[in-house]
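This is what each chain is made of:
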Amino acid sequence: MIVELGHYALILALAVALIQGVVPMLGAQRRDAAFMEVARTGALAQFVLIALSFGSLMYAHATSDFSVANVVANSHSSKPMLYKLAGTWGNHEGSMLLWVLILAIFGAAVAAFGVNLPQALRARVLAVQSWIAIAFYLFIIFTSDPFTRMIPAPLDGAGLNPLLQDPGLAFHPPFLYLGYVGFSMAFSFAIAALIEGRVDAAWARWVRPWTLAAWMFLTVGITLGSWWAYYELGWGGWWFWDPVENASLMPWLAGTALLHSASVVEKRDALKGWTIFLAIVTFGLSLLGTFLVRSGVLTSVHAFAVDPARGIFILGLLVVIIGGSLALFAWRGPALQGGGLFQPISREGALLLNNLLLATAAASVLLGTLYPLMLEAVGGDKVSVGPPFFNAVFIPLMAPLVAAMAVGPLLAWKRADLAAALSRLWLAALATLAAILTVWLVHGLRDLVGIVGMAMAAWLFVGALSELAVRIKLFAVPLSESARRLANLPRAAWGMSLAHAGLAVAIAGMTGAGVWKQESVQLMTPGQTLSFAGYDITLDAVQPVAGPNYEATRGSFTLERDGRKRATMTPEKRFYPVEGRQTTEAAIRTTVSGDIYLVIGDRQGDGGYVTRFYFNPLVVWIWAGAAFMVAGGLLSLSDRRHRIGAPSRKAARAPGVTPIGTAGART
Amino acid sequence: MKPKHRRLTFVVIGLGLLGIAAALILSAFQESIVFFHSPSELAKHANLAERRLRIGGLVEEGSVNRSGATVTFRVTDLANAVTVAYTGILPDLFREGQGVVAEGRMKDGVFVADQVLAKHDENYMPPEVADSLKKSGQWQHMRQSMEQAGQIPQGAAR
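Sequences listed follow chains U and D, in order.
What the first sequence shows, in our numbering, is residues 735 to 1401, in sequence order.
What the second sequence shows, in our numbering, is residues -10 to 147, in sequence order.
Just chain U, with the same shape it has in the complex (with noise of 0.2 Å):
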């Protein structure tokens, strides 16, 4: 009963944003007040009733309602409450539903927050993401339905994929899915932009904190994906350029473009067309990533035979979308007039710098994703664009992103001084210089990438100090009046700092990991030491454990260094019997230089056990530095000018605009 009350509320919800898309449209576009607040209560009523659609099939989820086709196929009676629960969306219909919940979550934030926002404005943004909203409705209730009853109904369900019953990746999809979901917000406003007719500093203003909060939320799910596939897959390696990986960086890449693009239109009211298409891609991005993942085009071709319906709604979709947007982009786009002119080195000239290699990088990452479907689609060979590939395109085109980064804060808007802002740095290109040096004196030369890794961190590192020192006058006022400087700084200029920093910190990390990791494979028998990155193991034992839902060998190590012990360690390969699947459980022991990582195998016929050993040097400096930057963007969200709303429009309307109600705004 439940279940089919969800899956009423969901057809529900269809029918509010049909209407929720068509008459604050007509009501912004005749002035009509009566018509545009339907927007708002529109969205309220989508998020109470996608709300309870959800709720009914976590309900069934967490009673483990065998009677449902969607709990038989990812869930089983043995398994833990958490994972009951977020075997609500670890499956491809019920993460769809997660998704319009999201996108629901979204809509009633603006019509509840939105209070500053012009009437008309916020009309048509909620109309838009009602126009989303539809599509993924239509798709969910033809092609994805989570609420499928399964009669006769039976006794128990086939279980979740026992590496997906892991923290990490409870709460991963719904973080990502808040970034995914969030640039919706950044898409809409465009839409409504255009069809408005206006890109103004106000409108940036509003366009801000969204696309930021997405892009922490996208930040923070793309890192715990990335720790995940880490310590979890017992690989070793923390970033693999798969293409599900691949589908999550592409709107990150694109979403931080969009991020610094548009507090140029902010600030200084140029560089507007960009930003709005950096919108409209950066959302593109975002529906091609939760496609790719989860419909499983990418995996091949073929996957689309699966289930044709499926896969031809999708395309339909993007094309629809991407296609429609870009169209209403370029018939209304060249009407939007840049106002704030500046010379190449200027701040803003860095902002596009950053821009274009950010917009190069996302374009390089989509390519090599795409190749391999679009050679197969045409009947060519079978390939696949592994790492070496990533590598070579991305790492050169950072490396100049990095170099700008430092400088780009130094310089002043519209005409700024580069030897100016260059003499400022000198404590970094001493800290670069110091880097270099370091890294060749300990590894050689034949690290080429190392020693590149490591002057960008670097570099960065110090240049995002030395803007701050700049900032508050450090040493050249005295120190009481530097401090009262620095506690005056605006939020928003802590958290560009922390965010650089936190990049910084990351890119040590990922140099680190990547270039100078260690890595042995071998047998072992209970009793055997072996000396691996400075460290003694020893294999002690292995005997079998048993788990709630899972039997396991457990194999225990004795880490030591210079004969005084360190650690024990107990690496797993556990069995879940309801699933029928082995997982690998790595033991990790992580410190600040680096990461003991081991793993146990299969048992040998003589009695001894495969054991892979890895040292990952830096690795929870990726992590750390992640945190830095979501961080520095929950501080610069949290910034005054956020907090205290956005300023109305000027009364004074450029020409040819037809002035629109300001009722609600608020200065």
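In silico lysine to aspartate or glutamate, EDC-like type, Cα no more than 20 Å apart, as pairs: (1) U:Lys1251 - U:Glu966; (2) U:Lys1251 - D:Asp103; (3) D:Lys33 - U:Asp1115; (4) U:Lys1116 - D:Glu30.
Reference excerpt, derived from the structure (chain D facing chain U, CB under 8 Å, subset only): (5) Phe(-1); (6) Gly3; (7) Phe18.
Simulated from the structure, these hints should not be mistaken for laboratory data.
Virtual Cβ for every residue (Gly too), placed ideally from N, Cα, C.
Fit chain D to the known structure of chain U by using the hints.
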């Protein structure tokens, strides 16, 4: 500088960047694209030996042989088979009779793999493997036996 010139500067810089990116991509592609071949193709073309490649098929029943940390097994498309040597821990879903994809190089008639992939889903047949089987004309036969064993849903896939 006039606005027109300024815009031109950005366009030139942008095009230059795209050009560099395209050059990087093309040079990277030459070296880093890995072609996929079935055991039958491998048997036919000896000149594939130098390149790094991927092969795929089914792990032949009874062919898995472990000695020390190195495992050897035969990958078959049910027409031809190739011996694969791999040092390391095999993926969790590696099993005899199941689909597998290996990446590496041919060396003295043995395919030395540095990567073995078995998808994280036992119902899943890597598309490359399905294709190998189709090419060798064994797909119908294989599909029927898989359907009977409940490994793929009835009527799924072509």
